[in-house]
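J.: If you want the building blocks of each chain, they are given just below.
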Amino acid sequence: MTPIKRPPAGPGLLPKSSFQLLLDALQSQGYRVMGQRLRDGAVKWDDIRQVSDLPVGWRDVQEPGRYRLESTDSGRFFEVVNGPESVKRFAFAPREPLLVIERSQKSFRATPTLPHVEKTALLGVRACDLAGLAVQDRIFLHDAYPDPYYQARRENLFLVAVNCARALPTCFCASMNTGPKAQAGFDLALTELEDAFLVEAGSQAGQALLQHLPLSPASDKPLAEAEAQMEACAKSQTRRLETAQLPQALYDAHEHPRWDQVAARCLACGNCTMVCPTCFCHTVEDAPDVTLQRTEQARLWDSCFTQEHGYIHGKNIRPAIKDRYRMWLTHKLASWVDQFGMSGCVGCGRCITWCPVGIDLTEELPALLDTERR
Amino acid sequence: MRPAPAAPSPNPYDLYAATIVEKVRVTEDIDTVRLQLVDPAARRSFRFQAGQFNMLYVFGVGEVAISIVSDPDEPQALDHTIRAVGRVTKAIQGMGLGDTLGVRGPFGRGWPLDDVRGKDVVVVTGGLGCAPVVGAIDYMFRRREAYGAVTILHGIKTPRDLLYRERFEAWRRHADTTVLLTSDQPDKTWHDHVGVVTELFEQVAIDPARTVVLMCGPEIMMRLGAPILLQRGIPATALYLALERHMECGIGLCGHCQMGPYFLCKDGPVMRYEQVAPFLGRPGV
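Line by line, the protein sequences are chains S and C. Each residue of the first sequence is one higher than the last, beginning at -6 in the numbering used here. Each residue of the second sequence is one higher than the last, beginning at 54 in the numbering used here.
The shape of chain C in the complex, shown without the other chains:
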């Protein structure tokens, strides 16, 4: 089990002020916000792992857990891709360059990207966006020679839901990389596969002995998809899932992010399939 990285401050509730230094609109309701900690010493000492998250705070509104999608080797700039769906995320959407947010973190366990060097990596995603895994893909492509074949399988409902189209196209151009897209409610503009993402498994060659799978998306997709991958010979220990629950503290104390025996904020948000299989997609868990 990877150790949970220590919090940067002895008081895990204390927060750093951070300035928005860049803001890129991804879609109508999604922005990528680049933050820089105001305090130079904090900025220098801040470290994180791919797939970890920060608690972002808006003055007078509150906090929200958002994964860090930028590269861990450049921790002076912290990118967060944020969909405006709740009180805090909508407030962040309304903010601009030079505005200040609070940052508390980094928290949680991310993708095991350094542990799986040399392996083939299959990334399975579904639904709208999936920021945590975009950070992981970027991480691998910046170190392309460190990984074997990379396969990216992405499923969406309608073609309108395909965010990051250019990114998929760009990823497709990397060596030894396969990108397959599917829509289960396509329209006339759609030229890729028709169906759900699990159908794409049949179209790719997988060497189970040297493959790890990273999954991120609706729980139902992971619950239905994982057993098919196991049948293909992928060990349950080589299947990693990014899971989502409401998080208020980020440190395993507020109780909201529980999934069975786990606190996803500190034991996750990335979990091994064998850990969460009994609880995945179970109603009310």
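Looking at chain S on its own, in the form it has when it is part of the complex:
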């Protein structure tokens, strides 16, 4: 019997010079490895072969309605916190074919088109996005009708989390209890220190992968350093969301004049819903081919800010932008809690950054509840 090389019981230390071995190990296990790469002035999930494909030497600057990358002297791999994409699309695809339906004589035959998914490892998932994925799991896997398409994608994900060392001005994960430390739902979690990563397994698959890495047991010093780094990251967050009175207080605020004020700024563009790691609304399209003998039924991400979302034969339940913003925020923070026993917000701050006019829910909520931010 070959002796099993056991990884250290607690988090292990991986020198940065050996970081590539993690990628190699994932690839040798058959995973397509993806990380956040520079693209179009932001970062986007894409294939990575070398750790140098990660945006070393760059960091993101985010404010309401503003996103910029700027160069930095830091040699860290994970200085860029996030971009517009969460990891949602890897499980809940933006366009998911559901059925192929083929005509035969006067009848037709439907065949479900479950996706064939490559095993995919996502390197650098933030705690807020893990929390977002947990929300999506609750909706698509643990409700009345488990979704086989979502499940097929989700089962093939290997999640390498990165605990955040840096908070953006738009971040408020600490107040939502979702970060900056990845708490659950990861296979591996990394904490980036100056010269090494702390590596921790969160699943059997993660534990198995650790066998391939030259880890040394972490002494108290790097452990303390990691803790201090995450604590500082949490403390540096300036935004917060006070959710104690929810959901009822927001239902009660239905007639609040603040909705008119925010509606006057809102463009109903739907950006907030497209970047949100938890939004799940979708529409279904039927796409016949040119022969009209074969059609594909597919679902596409939808947004409650569109004209059509509130459509019902002959009228629109939410004709005004005010109705739609109120629907979005009330769903996210109030009815979501009643529906799924959890908030629809994980504190990633993307809806603040990617709103073209910088509408900030952490500012809107206290105004609506008449509890100005302290």
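Here are the computed lysine-lysine pairs in the DSBU-like style, where the Cα-Cα straight-line distance is at most 30 Å:
(1) K143/C with K99/S
(2) K37/S with K9/S
(3) K308/S with K76/C
(4) K241/C with K210/C
Stretches of chain C that chain S covers, calculated by requiring three or more beta carbons in the stretch to come under 8 Å of a beta carbon on chain S:
(5) 112 to 125
(6) 149 to 163
(7) 303 to 314
(8) 322 to 336
No lab work stands behind these hints: they were computed from the structure. Every residue gets a Cβ at the ideal spot worked out from N, C-alpha and C, and that includes glycine.
Got chain S; can you put chain C on it based on the hints?
T.: Relative to chain S, chain C alone:
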């Protein structure tokens, strides 16, 4: 809370081909279409409850949620009363005997007709038709002895809007049954009550302790009507409403049919008044 019945297929998006075996024109733009699933095994195992709906699919056009109005004890034939108002319903209107539709379902929670056996039932409807409740009334009259007094109150705008006139007349002939009609914009041909449907409440004897109310119609009618019934002593838990929202998936995932915390496709479309009272008829909800 009644449990949501399980979908017949493990993939809730998969659909069955079904043939149109009968089509009855109700009015110019309303048809009742009788469907039979093509697959014999699916046909044998298909079960539904009164007030549940199917997603009906037209090849190359799309799907629409339509309630099943036929009797749950005869699930081999599925009747759907369809008003041609949208893309899919207009396509169905253009189809004929032998044509094929897709069927996905049944979905949702229907009327609690088996739970309310022995009770008096007041049915309040308004507006054009109201297919979901027609199925419920037929269900009760096929089991007439299982229910107490049945009262049907129906309000319309103009006499022209009175669909199913013969049905109301036929229902009126059942024992221990009251049918009252009202129009708030009557013409010379109208001999029934003049006014809105809530005014009819005063004309009927209701024993609140043994009465359940089924309401179906415009949200405003239900929002204004329900409190009057509560004043008459009907408990909020004995008041059931059929509600309507756009539905694309039927399984609580697409997000369109929300009303407050509810997904009407899976928590409804029939809801208890106490559940939805805060959201009913509220603009933008």
